Each structure stands twice: as C-alpha cells, then as structure tokens.
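Quick mapping for you: the protein sequence lines, in order, are chains A and B. full-length UniProt numbering applies: residue 1 is where the first sequence begins, and numbers increase by one. full-length UniProt numbering applies: residue 1 is where the second sequence begins, and numbers increase by one.
By construction, these hints were calculated from the structure, which means they are not laboratory data. It should be emphasised that the depicted structure is a prediction, and the values quoted were computed from it without experimental measurement. Treat the hints with caution; some may be incorrect.
[Claimed, not checked] Under the rule of at most 27 Å between Cα atoms (straight-line distance), these lysine-lysine pairs were calculated in the DSS-like manner:
1. B:101 to A:137
2. A:137 to A:352
3. B:21 to B:101
4. A:213 to A:352
5. B:21 to A:213
6. B:21 to A:137
7. A:213 to B:101
8. A:94 to A:254
9. A:254 to A:424
10. B:101 to A:254
11. A:254 to A:213
12. B:101 to A:447
[Unchecked claim] What the simulated footprint calls covered on chain A by chain B, stretch by stretch (three residues with Cβ under 8 Å from a Cβ of chain B suffice, anywhere in the stretch; the number is not a length):
13. 217-230
14. 313-322
15. 330-338
[To be verified] Facing chain A, a subset of chain B residues (Cβ under 8 Å, in silico):
16. 81
17. 86
18. 94
We put the CB at the ideal spot given by N, CA and C, even for glycine.
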Amino acid sequence: MSHETTTAGGLQRPALQTETPNYDDAFDAVVVGAGLAGTAAALTMARDGLDVLMLERGPAPGTKNVFGGVLYTPTIRELVDIDGAPLERYIAEKRFSILSSDGDETAMSMRPGAWRDDPHNDSYTVLRRRFDEWFAKQAVEAGVTLVTETTVTGLLRDGGAIVGVTTDRPDGEIHAPVVVLAEGANSLVTEGADLKERPEREEVAVSVKEVFKLDRDTIDDRFRLDGDAGAAYQYFGEGAVGEAVGGGFVYTNKRSVSVGVVYRVEDAAAGQTPEATLDAFESHPAVAPLIRGGRRIEYSAHVVPEGGARAMPDLVHDGAVVVGDAAGLVLNSGVHLEGTNMAVESGYHAGKAIAAALADGRSDAEALAAYARDLDQSFVVENLRHYDWFQRTIAADRQFLFEDLPRALASAETEYFKMDRTSKDEHTGAARDHLVAAAGGWFGAAKRAWRFRRMLS
Amino acid sequence: MSTAQPHVPDVSIEDRLYTVKYRDAGESHLGVENPDVCADCTTNECTSVCPAAVWTVDPDGDGVPSIAYENCLECGTCRYGCPYDNVEWTYPKTGGGVVFKQG
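Next up, chain B with everything else stripped away, as it sits in the complex (with noise of 0.2 Å):
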C-alpha cells in the first residue's frame, strides 16, 4: 500500500524513559560476572534487548559495557539476552528503582 504513512512522531527513548518515575538505588543493581566474556563478545546482544538503553558498549572501548542503572525498567530481558549468561542481575535494594504508576 502506497500510503503507508507514520502517524506517530518520532520519539526518542530519552523521551519514553522521561515518562517512568523512578527512586535511584544510590548503586547499580546490575554488573557483569566476568569483564573478560564482554572483552571477547562481538556480538553485543545486551545493547539490542535492553528496552531502556541501559547497556552501551563503546566501540573504540574494551568491550565491556557501561551500564545505566538509574534508566532500568527491571523487566530482566539483559538477563536471557546475553548468551554467555554474564549479566549480573539483582533486584534493587530497599524500595529503589523503577516505580511503576500505571504498569
């Protein structure tokens, strides 16, 4: 069909994620097991499952991934995303993280 048109704008996920309330843990609630798996990982499979940016790999890094707790939706995908099973994942402590209003 030729008038397949977007309706929608364009939207960015700093714009999705300023719509989340949040309270920040004060430290990460995610790390990796080992540095050394994501040294050798090409295929950076937790920077395209992650939802909310949280995983960034630098390409002209080490290879391991810098990590924005504070923007986690806590919906766990980084954790079956990685084949290597090297996302350490935990839950916030003491109420903090992600606050969902409507959910």
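So here's chain A without its partners, still in its complex pose (with noise of 0.2 Å):
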C-alpha cells in the first residue's frame, strides 16, 4: 500500500518543508508527536538545557488531536504561564446523570462556591486544536525546534538501543541520543519497534463527538453560568450509551458545547454504531434541549485506551520512553475522567529524566528509569492502579448499572413524589421495593454496595 512510496508526498511540499537536512545528529532528543505529554516533555528538556526536535505529523499542533473537553492544569501550571492559554470555561458545575432509555433522568449536580475562586480547582474546558498549538509555541519559546507535516515511521536501532527516528521526509533518518515517544492512542511506532504490544480490543474504548456552535448567552442561560464559568455534564446508563458499556458528556466551551459517547470497541463491534449511539444520546429528552438549535461545527472521533494499570507498556527502554496516551496513562472511575493532565505528568517526569541521564552522558533504559520510578510514585500510576478494578466490575455489572437501575431510580422516584390520595407512608414503601427489586433483594444491595464501595473511597 502505502509503504513504497515515502518520497510522493514529500516532493509535493513546499521548499521550506523540504529544507530540513541538518537535524541528523543535530539534537539531544527527539519527541514524536507535539500533543501535551510530548509538548511537556520537550519544554521541561529545553529549560533543563537540552536541544530538541519535536515532529508532528499534523499541519499544526493539535489537528489530529480529540478528547471530550476538561483540562487538568495543575501540573502545566508549573511549566508555563497559563493565563495566556485559549482555555474556554473552567468547571463551575459537575453533574452526574443517570438515562433510561424511556427518557427518564436523575441526577446529582455539584457546584462548590470554591471552584468560582481562581485557580478553578484547575479544571477548564478547552478546545484541543487551539490549546496544543498555544501550548507547542510555549516549548518554542523555550528554544524547541518543532517541525509539522512530518510522521516519524520507525525507530533506528543500533545493536538493542534505539538511537533515532525514520520519518517520511526524503533523506529523513534522524539520529538522537533519545526519542519521546509521545504519539498517542494509536501508537504505531512504539508497537512497530515491539515496545509495547497492541492493546486488547476489550481495553479499548471509541469516543464519537460533535461541536455545537451557540451564542454565548444561550449558553450562560441554558446551563445557568455566567462569566467564564463551564459546566461538565457526565452521562450514564441505557439512555447514554444504549447497550455498551460507557457513558455520554456534555462540556460547554466559550461559544460552543461539546458533545460526545465513550463505550467500548467492543460493543461497537457487537453492532452497536458509533453514529448510532451519539444519535440516541443527543436525541434524549435530557439532552436534546442542551443543544437545541446548535449548529454542527465538527464531527470527530478517537479511541481512548482503557486498560488501567495492568497495561502499561514498559516505559523505559535504551535510548527511549514512552509517554502520555501512548503508554495507556487514562484514568476512567466512572466518576473520574482523566488524561491531560496525566500525559503532561508524564512527560515532564520524563524530561527530567532524560535531562539527568544525559549530564551523566547516558541514554540506556537504566539511566531513564527515574522516569518510570517517578511516575511510579506520582498520582498517574496510584489512581491508575486504586481503580484498576473499575471497569471489568461495571462491565459485569452492566444489565443492573446501565439498565435497571436508571428505570428502578425513574419508578422510585415517581412513586415517593406520587400526587394521589394514598398515604406518604404507602408511597415510600413503593418507592424503595422498586429500588430493592432492582438491586437483588436487600442481600443483592447490600453487596452490590460493598463491591462499589471503593468508588468514593
């Protein structure tokens, strides 16, 4: 297919995309893919002094890049001045919201007057394309040397060490001390050099997201925000994700609302359509008024590893490491949506590693491994190993969590608050055998609660 003719798009670039031939041995280390963990990894060498190449295979920054919509700061924070950053709102409300697919909905809506205060609880949506570029032109003031429209197709070995990177450039080998392998979800290289094996399909997870262009105040109105304040809305059950195993969200930029699904590869397999189910999703009674009127201003896609702890790859190798998405770094507790902040996590432990290791005149995987210590015992692998045990618990729990339970919550609650001339008494009574039904029994409830417990824990 593809493979035979490298040199056929290159020779259709621009000259100043062509003139490039001085980067072979040019550099202390090169960082494939200017997303947030190889960008953090770039700007924490270069302040400790090193020289580096970062390749993007995009046209800018940020252009194949996708998540669902929250940026978690506080460790970009440390690296630049983020008051310059395009973020869009920062989280004033988080709402979690059970669906039937019978269009019922409960949910719980949390809005600490602590989160108004600056820094936010540095949480803000933002918008990928615009922030990664933003964030990327941090590093180049930092003194890295970002080259786009360039994709690194191999790695260069030399004996068992890696010692550069093949790209699709004409004469475009590139040899450096040590390579960041910060490419992402779909991380051909480092499964390509046998670094890392390909995930499992059930380990993986597809999002589906469209952008809805709104004016600002229709926004402020709807979600009832004023300000640069956003609201961060998590979905769950039938009415979210049909018959998958996942969930909905709903983020409000500054004129837009971000929309999306999350569920396994797996269920999409099963039959159960990507497009299919954001339909479902954004057609649900509790979601359609969010983004009435809204016009479609992108459609996009991206899987999501979810393997947790148990598959990270190894993350230090000779002559490289492996950062961000690339490396399986997702926390998903149901409760917790994380990524961002720990790809930037990591790829600042792993330019601090890299940069020791190179003072010292190395670049083996003994003198790296202060990279995966550090992240070993930083927030990124402890969240990630406490819930590692979340996502095949839901997946075997799923008929109850996604199905029964958001209908028996439905019937509870029309019950309780049931207008007729029965009692109180009689009608509360009605309400919890609608939940103990659904539950098991009290000896199903109670050790579904034990099983759960270590959610809020």
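Assembly of the complex is requested from the two constituent chains, each provided in isolation within its own frame, with the hints serving as guidance.
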C-alpha cells in the first residue's frame, strides 16, 4: 500500500518543508508527537538546556487530537503561565446523570463555591486545536525546534538500543541520543518497534464527539452560568450509551458545546455503531434541549486506552521513553475521567529523567529509569492502580447499572412524589420496593454497595 | 415516559463529515492485510465500528471491504474492531488526512 511511496508526498511539499537537512545528530532528544505529553517533555528538556526536536505529523499541533473536553492544569501551571492560554471556561459545575432509554433522568449536581475562585480547581474546558498549538508555542519559545507535517515511520537501532527515528521526509533519518514516544493512543511506532503490544480490544474505547455552535448568552442561560463559568455533565445508563458499557458527556466551551459518547470498541464490534449511539444520546429528552438550535461545527472521533495500570507498557528502554496516551495513561473511574493531566505529568517526569541521564552522558534504560520510578510514585500510576478494578466490575454488572438501576430510580421517584390520595408512607414503601427489587433484594443491594464502595474511596 | 421525543433533527454521516476539514494525502493510509480473510469474514466488524463510514462491504461482492480513506478521522477504532487483526493502518504521510479545527 502506501509504504513504497514515501517520497511522493515529500516532493509536493513547499520548499520550506523539505529544507530540513541538518537535523540528523543535531539534537539531544527527538519527541514524536506535539500533543500534551510530548510538548510537556520537550518544554521540560529545553528548560534544562537540552536541544530538542519535536516532530508533529499534522499541519499544526492539535490538528490530530481529540478529547472529551476538560483539561486539568496542576502540572501545566508549573511549566507555563496559563493566564495567556486559550482556555474556554473553568468548571463551576459537575453534574452526574443517569439516563434510561425511556427518557428518564436522575441527576446529581455540585457547584462548590470554591471552584469559582482562582485557580478554579485547575479544571477548564479547552479545544485541543487551539490549546495544543498554544502549548507547543510555549515550548518553541523555550528553544524547542518544532517540525510539522512530518510523520515518524519507525525507530533507528544500533544493537538493541534506539538511536533515532525514520520519517517520511526525503533523507528523513534523524539520529539522537533519546527518543520520546508521545504519539498518542494509536502508538504505531511504539508497537512497530516491539516496545509495546497492541492493547486488547476489551481495553480500548471509542469516542465520537460533536461540537455545536451556540451563542454565549444561550449557553449561559441554558446551563445557568455567568462570566467564565462552565459545566461538565457526565451521563451513564442505557439512555447514554444504549447496550454498551460507557458514558456520555456534555461540556460547555465559550461559544460552543461539546457533546459525545465513549464506550467499548467491543460493543461497537457487536453491532452498536458509534453514529447511532451518538444519535440516541443527542436525542434523549434530557440532552436534546441543551444543544437545540446549535449548529454542528465539527464531528470527531478517537480511541481511548482504558486498560488501566495492568495495560501499561514498559515506559523506559535503551534510548527511548513512552509517555501519555501511548503509555495508556488514561483514568476512567466512572466519576473521574482524566488523561490530559497524566499526559503532562508523564512528559514532565520523562523530560527531567532524560536531562539527568544525558548530563551523565547516558541514555540507556537504567539511566532513564528515574522516569518510570517518578511516575510510579506520582498520582498518575497511584490512581490507575487504585481504580484498576473499575472497568471490569462495571462491565460485569452492566445490566443492573445501565438498564435496571436507571429505570428503578425513575420508578421510585415517580412513586415517592406521587400525588394521589394514598398516604406518603405507602408511597415510600413502594418506592423502596422498586429500588430493592432492582438491586436483587436487600442481600443483593448490600453486595453491590460493597462491590462499588471503592468508587468513592 | 411517553413524551420522549427526539428533539435533534435527523443527521446523516455526510452532514457530519461535511463539518470535518481534510487534506487529501493522495493515497490510502488504510488497507487490508489479507483479502482472503475478509472474503471469509461474515461479521464485518470494520463496518460497524467505524464512525466515519470508511469501510463498506458490498453484500453481492467478494466480501473485501471498499475503503473510503478520505473520510477517515484517524481514530484507530478499526484497528481494534477487526477480530482478525487484518486492518492495515498507517498514518497519512506529510501532513495529509484529517485536520481538526476544534478537537
């Protein structure tokens, strides 16, 4: 297929893009991918005095990147002044909602006053195209050389050690002491070099997302927001993702709303298509009014590695490290959906470890091992380990969590608040019966409470 | 609930893909490793997992999917969707492919 024609695209590039002859052996480190992890690594190394080359396959950083919508900034804040960053809104409200496929919704909303105060719990909606480009620009200003429209096609080896990359550019071999693999969830180079096995299908989710344009006042009114306040809505249940295991989301940007679903590729392969799943979610009576009248301005999709701690590959090799999504650093605990913070944290630790190793004139795995150690001791791996049980547990209890519970909650609510001439006492009893029956009796309810206790611990 | 009415008008995959910006790489970055595997496949997971209608199998054809690579969102789902690991998936070359404006 496309392998034998690597120069065809290169010949059509503007002269500027092909005049990149002196990169071979000119840098201390090559970073593959200018996303959050790669840029954090590049920036950290440049600040420590290294010459860094960052390669991005898209026409600009961010052009290939998709996420749900919330960027967590505790580490980014340490690296750059985020006051000038293209942030959309801070998260003033988190709302967790269970949807049945009959149109029922049961939700819990939280708006702690503290989130309204700077730095807003370090949680902001962003659009990746704008944010990633800005973040990469901070790295360039710190001395990183960024080359776009250049795809890394493989790794160069000398003996067992990695000594650089091959690219799709003419004469595109670039030797460097260390390679940072920050290529994202589809880690073709890392897998191609046998540094990582391709994740199992059960450990990968697909997300489809749409951005709807709405004017600022409409968003403020619909979501009860003011100023730069924003909302993060997460949805569970059959009304969110049908027969699949996963969830839906709605996030407010300044003048647009991001809407999407994430669920197991396994479920899509069984026949529930991403498009139909998104259609059903957007049509749910609890969701449709939020986006009514909005103009679709972008449809996007991406896989999400959800294998947790057990699926993490070796992070350190002779001459290379793996960071961000390529290393499977995504947390989905149902309540917490995180990845951007972990990407930046991993890039930061990798950059620090590389700078220290190169200062000793080394780039072997043993010298770079501080990265794996530091990440292991950070919140990143700690959290992944803590919630490792989660995906398997919900998958095993899907029928209850996604179908029976949303309906039972709605039936109980209907019963509990029912207006007729029956006593409240009788209504309360009937409401309780709905919940207890759905949970499999009192014994079943106790068992499930025990099984899911760690969700809030 | 009896009042559950879809509020969102019908939207086709064409409408959705129309919102996406692409740079044509001029050649497909996708393929199948072994067409015989596709010919024997009856489940066609590639067609159901793809969010962008890249993969279609003609029911009267030889079972080998046709690939509208120019629709591809580069999400990677087909790599995992195919139970036979028969999807050949590479990155589009030199800046080609999808160019997200929002992301």
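These are the hints, each one checked on the structure:
1. B:101 to A:137: 17 Å, holds
2. A:137 to A:352: Holds - the C-alpha atoms of residue 352 of chain A and residue 137 of chain A are around 20 Å apart, at most 27 Å.
3. B:21 to B:101: Since the Cα atoms of residue 21 of chain B and residue 101 of chain B sit roughly 7 Å apart, the hinted pair holds (cutoff 27 Å).
4. A:213 to A:352: Distance of about 40 Å is beyond 27 Å: violated.
5. B:21 to A:213: Holds. Residue 21 of chain B to residue 213 of chain A sits at ~16 Å (cutoff 27 Å).
6. B:21 to A:137: 23 Å, holds
7. A:213 to B:101: The given pair, whose Cα atoms are some 13 Å apart, holds under the 27 Å limit.
8. A:94 to A:254: With a Cα-Cα distance of about 17 Å, the restraint between residue 94 of chain A and residue 254 of chain A holds, given a limit of 27 Å.
9. A:254 to A:424: 45 Å, violated
10. B:101 to A:254: 15 Å, holds
11. A:254 to A:213: 10 Å, holds
12. B:101 to A:447: Violated, at roughly 47 Å.
13. 217-230: violated (count 0)
14. 313-322: violated (count 0)
15. 330-338: violated (count 0)
16. 81: 5 Å, holds
17. 86: 13 Å, violated
18. 94: Holds, about 4 Å.
When the structure is compared with the earlier hints, violations turn up for hints 4, 9, 12, 13, 14, 15, 17 and for no others.
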